[in-house]
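From just these sequences and the hints, can you work out the full model?
Quick note, the sequences are listed as chains W and Y, same order. One point on numbering: in the numbering used here, the residue at position 346 of the first sequence is 346, and numbering is uninterrupted. One point on numbering: in the numbering used here, the residue at position 175 of the second sequence is 175, and numbering is uninterrupted.
Worth flagging that the hints you see were computed from the coordinates, not collected in a lab. Take these hints with a grain of salt, some might be off.
For chains that are exact copies, the list does not tell them apart, and a pair is met inside one copy or across any two.
[Unchecked claim] Capping the alpha-carbon separation at 25 Å, the derived lysine to any residue pairs in SDA-like fashion look like this:
#: 1; residue 1: K125; residue 2: S365
#: 2; residue 1: K125; residue 2: A138
#: 3; residue 1: K461; residue 2: R101
#: 4; residue 1: K125; residue 2: H136
#: 5; residue 1: K125; residue 2: A141
#: 6; residue 1: K424; residue 2: W384
#: 7; residue 1: K424; residue 2: A141
Nothing here was measured: the structure is a model prediction, and the numbers come from that model.
Now for the letters of each chain:
Protein chains: 2
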Amino acid sequence: MATRYEELAEALSLRIQAGQLRPGEKLPSVRQACRNTHLSPSTVFQAYYLLESRGLIEARPRSGYYVCHRTPTAVRPPSAADVSTATTEVAVSELIFDVLRSTRDADVVPLGSAFPSPALFPLDKLARSGARAMRHLAPTALTAELTAGNERLRSALRARYTRHGITLNADEPLITNGAMEALNLCLQAVTRPGDVVAVESPTFYAALQALERLHLRAVEVPTDPQQGMDPDGLAEVIARHRPAACWIMPSFQNPLGALMPTSRRQAIVQRLAAEGIPVIEDDVYAELFHGATRPHPLKAFDRDGLVLHCSSFSKCLAPGYRIGWAAAGRYATTVMRLKMMGSLGAPVPSQLALADYLEQGGLDSHLRRLRRQLAEQVGRVRRWVLAHFPPGTSVSDPQGGYFLWVELPEGIDTLRLHQQALEKGISLAPGPLFSADHRFRHALRLNAGHPGDDRVTHAIKTLAALIRAEPRGTA
Amino acid sequence: MATRYEELAEALSLRIQAGQLRPGEKLPSVRQACRNTHLSPSTVFQAYYLLESRGLIEARPRSGYYVCHRTPTAVRPPSAADVSTATTEVAVSELIFDVLRSTRDADVVPLGSAFPSPALFPLDKLARSGARAMRHLAPTALTAELTAGNERLRSALRARYTRHGITLNADEPLITNGAMEALNLCLQAVTRPGDVVAVESPTFYAALQALERLHLRAVEVPTDPQQGMDPDGLAEVIARHRPAACWIMPSFQNPLGALMPTSRRQAIVQRLAAEGIPVIEDDVYAELFHGATRPHPLKAFDRDGLVLHCSSFSKCLAPGYRIGWAAAGRYATTVMRLKMMGSLGAPVPSQLALADYLEQGGLDSHLRRLRRQLAEQVGRVRRWVLAHFPPGTSVSDPQGGYFLWVELPEGIDTLRLHQQALEKGISLAPGPLFSADHRFRHALRLNAGHPGDDRVTHAIKTLAALIRAEPRGTA
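Structure below.
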């Protein structure tokens, strides 16, 4: 549930995005806004602070709040020429492993990491929940609920989906070792080695790794930095390649941060259903919306059991517990069997800690706090990047999650930049990680999920200096 | 470390197996034995009780202890005709899932289960360890040690291997979601879809499932109920099919309970090394020896990094925690990458609970107690089976673990028996589960890992009655 100030901020944010409030335009004064909205001054102030923290509006001393000039910095949508039309045998791992190994060093500023700071999570409460649940454990519970998962946890998850109008079947969700396992199992359930799978472009490198692991071929679909996978691009890929499955991250896509509009979600689910093509939905960032409400997953529009919906607690509540889930529709039995064959079951201590935590009822207030923190951090890092990086840089404007996608002036090689940054103790995720054929050489993904302290500001300035010193070869 | 009475029992057990003490022969009186061995009467008594509990010797009132008559009941070694020489595309899952689903019901006597009773494990101590470790957790520890695993746990494991003369490399062991994931990852690291893999016959059905999942073909190697995989059979399979890998469970093989002798281990490792064929070693039961010492894993004889050694805590310490490991020799990097791509990392709460438990130092005394309990239960269930099942039944004589392999008179169909038993509230594991082409129709595996109470005795008698009532068709 959004608070009143969040609702007001969301309404204003939508008007800014729709161009109803234009860059440079003055917002109503707090007194006016109170009259217009029948809200208290402190509520209006909080809404304005929130929009300011996200970089949407700015305060001008003794004048008031103005809509920021930001259009020139938005990431441009892809043109058809950007996206390869061929299918590609996937072999990205060598590069990904090189980069990821470097982000694990505690002394390195983790701008290339995929995880938000673990300090943002209620770790003490989870530990207490875990201790309580394991102390009162019936021994038989340790093996009785392999493979489907702990029924208390499954019920709690079903109840959360019900709140979003989604009724899960009795065999959903299957509890997995994180979303990564859920995604791998779902992908395996609907493909055979050699099949083609449609993915976003750019796409999360773990999707490419999953394809590589299963000996699948990728075909990339143009993906808009704001609205996600392009339905026309998808239609063309279907006509040309007849993919066995389509992997989509509709909410706060990694790396772009795109939030697919509801109408596009419906259109894509219907289109794929008409073709009988299953959808792997990676929904791990959906709870991290910066706006007022949780976006509906693709699963909400699925009438045919073709959406294999995957998510986890790793990014929003309990990193390292390795608890995710799959609600795999008509493939639920197949996915459960693959789970049983591959790793038998999910860890009971982690499952029970989460079940107890959910039953205690603290999740929603934790999530509200987390969303606010991430929105502020994303806004802050975005402003630093725009302030320090050279002209010609564009930065995504995500409405959720904690990633920023930065496109540098053409000719800058972010693989080389990554090496130079590492020597200075900074990691980043170079663009070529996010494409089966290593495109996006001048782009990079930054993690804004770590509290914005001097270390991060300094790292951004250091990166900016490296970029400015970079020779601009031809990409 | 074995106690003195266990050492004495082991020495006598070896003499019985070697035929130096023959069936019906009287053992030395306790007084004589004390003189011969310089042990106390109570130590000798304990040794005799242990051998009696395993069904190796029997007490005759006012006379003394005698070696049991058991030769006629031993499971006969396979002849060449028993084992198919063709490779088989694996599709066992439907049958396995049907059977396993039925063993999950708490009201069913779990003779078909793969798990020992969770009541045999130090669950309270583990819960306390988990609570302690998670309370003092540094937040960064939640993501820093993905993918390799928690370093405290890895060090404790390395130290245990060192005690058995095995020095693991710095990249070993990789912590996994149970042995099942370790085995799947190792198998994937050394194969491509369509490859042939040599397995034991009968073999653990999870090996067949792993092959099926990776689109591999199985070729079965004759496996002796006492000594495990046959080296000559293996040589023939290598010559004929050139397998990409060989999957072996050298210690207390599931389902036979076979314990491969050291000389055979050396010969098989050398033979496979000479051919450059990697070995997947499933070592999950090795800690459950009933004798005096832990058998050396195949890994101990590996000079070429070709043994991918897998094990876990699920069967000997912490079921449901889902912590296993792989020490994959020259494939360690490949396996770690597959782990990262497939499920990222193992659960931190489970890893830390186990690390803390191991550091507290209680594992060895727990294992000594567990081994004694399992040895007694296996001996007891074995005696009940021999007492109640019809003539023509033979039963394996495992030196470790908790499985009994029972061969019924030819013509009895254990798939049908399984259905009938289920109606009476008893599960069992029918022989056809353990073969890619569903042989062993007249055999079954019984789980003796649940404390031998009236419920189990009654179940054995019920099974015996069902078998006696069975029409004997042609298999």
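These are the hints, each one checked on the structure:
1. Only within a single protomer do K125 and S365 lie at most 25 Å apart by alpha-carbon distance; the minimum there is 13 Å, versus 33 Å between protomers.
2. In this assembly of identical chains, K125 and A138 lie within 25 Å of each other by CA distance both inside one copy and across copies; the values are 22 Å within and 14 Å between.
3. Proximity of K461 and R101 under a CA criterion of 25 Å is satisfied intra-copy only: 23 Å inside one chain copy versus 59 Å between copies.
4. In the homo-oligomer, the alpha carbons of K125 and H136 lie at most 25 Å apart both inside one protomer (17 Å) and across protomers (12 Å), since each shortest distance falls under that limit.
5. When the C-alpha separation of K125 and A141 is checked against a cutoff of 25 Å, the pair qualifies both within a copy, at 22 Å, and between copies, at 16 Å.
6. Proximity of K424 and W384 under a CA criterion of 25 Å is satisfied intra-copy only: 18 Å inside one chain copy versus 71 Å between copies.
7. For a Cα distance limit of 25 Å, the shortest separation of K424 from A141 across copies, 23 Å, qualifies, whereas the shortest one inside one copy, 50 Å, does not.
The structure is consistent with each of the numbered hints, conforming to all of them.
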